[in-house]
Amino acid sequence: MSIDWYPLTNSLRIAAISCVLVFFTGIFFAYYAAKLPRAVKGVLDVVLTLPMVLPPTVCGYFLLLIFGVKRPLGIFLLKFGVKFVMTWYGGVLAAAVVAFPLMYRTARGAFESFDATLAYSGQTLGLSNTYIFWRIRMPACRQGILAGTVLAFARALGEYGATSMLIGYTPGRTATISTTVYQLWRTNDEAGALFWVLVNLAISTVVLLTVNMLEARQKKAVVR
Amino acid sequence: MSLIVDIKKDLGTFRLDVQFTAENGVTCLLGASGCGKSMTLKCIAGIERPDSGHIELDGRILFDSRSGIDLPPQRRRVGYLFQNYALFPNMTVRQNILCGLCRVKDRGEKEHLLGDMLHLMQLEGLENHKPSQLSGGQQQRVALARILVSDPQLLLLDEPFSALDGHLRDALKIELRDLLQHYGHEVIMVTHDRTEAYNMSREIAVMDAGRILVKKGTKALFADPGSVQAAILTGCKNVITAWRAGDYTVEVPDWGIRLQTKQEVREGLSAIGIRAHYFGPATPQNRFPVEYVEEMEEPFELILQFRYQNQSKDSPPIWWRLPKDKRPASFPQELGIAPANILLLYD
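If you read the protein sequences in the order shown, they are chains A and B.
The first sequence begins at 1 in the numbering used here and counts up by one.
The second sequence begins at 1 in the numbering used here and counts up by one.
Here chain B stands alone, though its shape is the one from the complex (with noise of 0.2 Å):
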């Protein structure tokens, strides 16, 4: 079971030129808004035309420029959930529902089918109302019913939690990861926030004016970004030119500092990040002295910026975060980084 994708279009500002496959399990476009990875997923469904390339779902070709295939969105098989689940605003839920059953004939097996669907989903009692007379969660459950009847081979979702507030968003979000185990096939998600990516998927592709930088394991990214774009989307909050000083020693100018890596310094490094949690007081290796510059308080963490004695003017002051009860007495003179949490990042 595997999705394949090689596309290429002409977006007028960018251009969009993506090739990535995908296996069993939830794989997520992490990306800024405007990267094209909404876009992507239209392709994928065929509600946009790419100007040229090859789509292939387990086998069956969906698109494919060179020997002119381009099936229609409703051959495809393909389910797509948009950002405002996009529920007909004129039918009721049980209507909605059905629209998903529209391939299936025999009248007797469409209400079985449905009345397994509200079961699953949760939506018994709420068959006659209007989208508009749902919560958020509720609607976005009804479009995932909709979905899941029509039985696609691939699920889409389009950044499937912006619609919702934040507290509603953290329980679909469990919700979600958990229907999601049970479904058989692919799922492609697209998101802006590296906490749903992280949360929700196997593998991470992340995005860049219509490019896929770089493609692995969820964990793997977050450990290892590999580029300035990557370390900036997965939330590094330090990134800084800096270049190679030695096998094992990155320079960076603009903090005056060099630093000691546990990983082997490449040819062609570009920078480096450091996230914010990882600077410690008492940490022993790349202790520098440093200055304080100000804070600003979360709800359960603190973000104290610093800056390092050398520091270049220009260069604007390091973020480092910290649980409130760890603060210490009184800002340190020192601070230091591990060497296995020195990012290196690459062009």
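If we strip away everything but chain A, and leave its shape as in the complex, we get (with noise of 0.2 Å):
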């Protein structure tokens, strides 16, 4: 029997994909959202955070109000041929508005706690603002936003609810691997279903080992 290895290759890339975007994404608001008066932050935070509480298929179902090919920006976009219903890339866009909140919440936790003075004292020494927030900030928040880029990527590969309502599962053109144990199971194909669920558990150990021995590694450098 030959493997049809898609989902796994689709759930990567989606996860990946995603996980940049919510790198990028998640770090800019908590960056920017600290520096805002309260009221508006309190309102944004709450806006950033709500995928995080909400059902994944209630966000899915927000997509595909936003998104769905009879809305306006649906219609809007098909003119350029993008598409995000029954599309893998649409899988992205589903898989990053799930995960954003985990990247935005701990790189924020660790903004918060960062010294100002550090930052402070790089602008009195001349140092440029972009300077200071990659090479000094960043640093120094790394624990944070590493298990937030982790949280992130685990979350965006394990997505189902959101996922299955924006681009279903179709065989060889948007099957993941949690829409397709699902499909498997549903189809009494239990053998198929284990497989794909050790597939999974095999990444996700292989994810937190990773993480582990470079946190392992970073404290190692710091006492030496």
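Think of the hints as simulated: they come from the structure by calculation, not from any bench.
All C-beta atoms, glycine included, are put in the ideal place defined by N, C-alpha and C.
Be aware that a few hints might be false.
No more than 27 Å apart at the CA atoms, straight line, and that leaves these computed lysine-lysine pairs for DSS-like [stated by the list, open to error]:
| no. | chain 1 | residue 1 | chain 2 | residue 2 |
| --- | --- | --- | --- | --- |
| 1 | B | K173 | A | K35 |
| 2 | B | K42 | A | K35 |
| 3 | B | K173 | B | K42 |
| 4 | A | K35 | B | K8 |
| 5 | A | K41 | B | K9 |
| 6 | B | K215 | B | K8 |
| 7 | B | K215 | B | K237 |
| 8 | A | K41 | B | K42 |
| 9 | B | K105 | B | K173 |
Derived list of chain A stretches under chain B, where covered just means 3 residues or more per stretch with a C-beta under 8 Å from a C-beta of chain B [said to hold, decoys possible]:
| no. | segment |
| --- | --- |
| 10 | 115-121 |
| 11 | 125-133 |
| 12 | 136-148 |
One side only, chain B facing chain A, incomplete, derived with CB under 10 Å [what the hints assert, rightly or not]:
| no. | residue |
| --- | --- |
| 13 | P73 |
| 14 | R75 |
| 15 | N90 |
| 16 | R94 |
| 17 | C99 |
| 18 | G100 |
| 19 | C102 |
| 20 | R103 |
| 21 | P152 |
| 22 | L156 |
Two chains, each in its own frame: build the complex with the hints.
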């Protein structure tokens, strides 16, 4: 029996691309939200965190409301050949929306505990704000940023609800590991479902082991 | 060479309203914590923005609310030594100091200046250490090295010794004082410690609730603080309400006595101060009967508390401090104060 590896490659590319997107947007919003006046910050915070507390299917419903092919934005995008419904890159959108709050909140926590005098002293020494951000603030917050990235990647990889709403399940086109597990189990292919469950377990284990190793190496570097 | 500061900023609980000029040498802002002295430094450095005002350094305008000038901290050329030194934890000593050389483009010159500074600050051999591996004193030296290589036109020191243990503190005070003597620009130091202020500075500005109460030469300030707050901040233990009773006489109602002064008493006197060292069992002037209350022993000195015979009940006991070996065999019947040692305090 030859195995169709499409769900694996599709899941990995969806998780990887959405993780990169969420990495930058999460950090961007976390950084600027910390600078906003309290009232605006409170509202923005609720809006940005909603996808985390809403059921993923509800997120998917909203995404269909916005990007559906009969909606204004969907029709507009279709003119450029961009369609988020029933395409693999629609999966990127769904995974990114659901994973975003994890990155945003962990990064914001890390930024809030950052010692502001480090940034101030960098400024008085003449370092540019960009240099200070990437070479001083980010390294100081790397534990939180790394944790947020991993959580976002894991969440994106396991995304099911919003993904199945937006891109459905088409073998060879939009199938991901999690939608495949459900479809195979639903059609009584228990062996197939178990196979993909094991694949998912393997990926998650590797990701977590890598993070632990990186953290251990970092600790060593600090002590040495 | 001078720094001119004239700023206002609303800080919620009080209003920062500070005007002063500083010339070459070390000027100290002395005040209790939360009086706005660190905020003043931050405004000068450009980290915080005053609501209005004017800051000028050697003729360069750093901030002026009327003409809308507000230079970013990067362009002010003001060195800021933070209380916790703010060394970048992810960088080595060498990388930290190189951050201070970010304005120098030529690599050879960079290395040259770095080497000179490492030598001057006795940091050779520590180049590849991380800040967390250094002692408190070494951290302070790295932070200073990083600031001094950037060639600042003004140096701000925020409680520079508060992060250090007592024994290190005295050694570093001498080290820093000597270093600052060779630094050709103004230095503003913030502290709540009167001894530090006395050790380090030529001039002291006393701050309270966002305002500068008085600014004068260090020795002159300790000799004549002029106001109640300044007397307390310079360590005067006995400050008591008093009023003018004559050109050279003050009445202290709570102590039930009148004292002769050397300085002429002006109208508007609100209190007097007497430093704990200045009572004397053999001093012939201003002698009054006293009663022993209690004592506290310090390593080398003794604090004896006493009351005047007619002192009112609610008035706290008076502090008399003397070296242990000068302790009288029995507590004296009377204590005197030289008229020159009575500090006249006005509002």
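Check the structure against each numbered hint from earlier and tell me which ones fail, lowest number first. Failing hints, ascending: 1, 9, 16.
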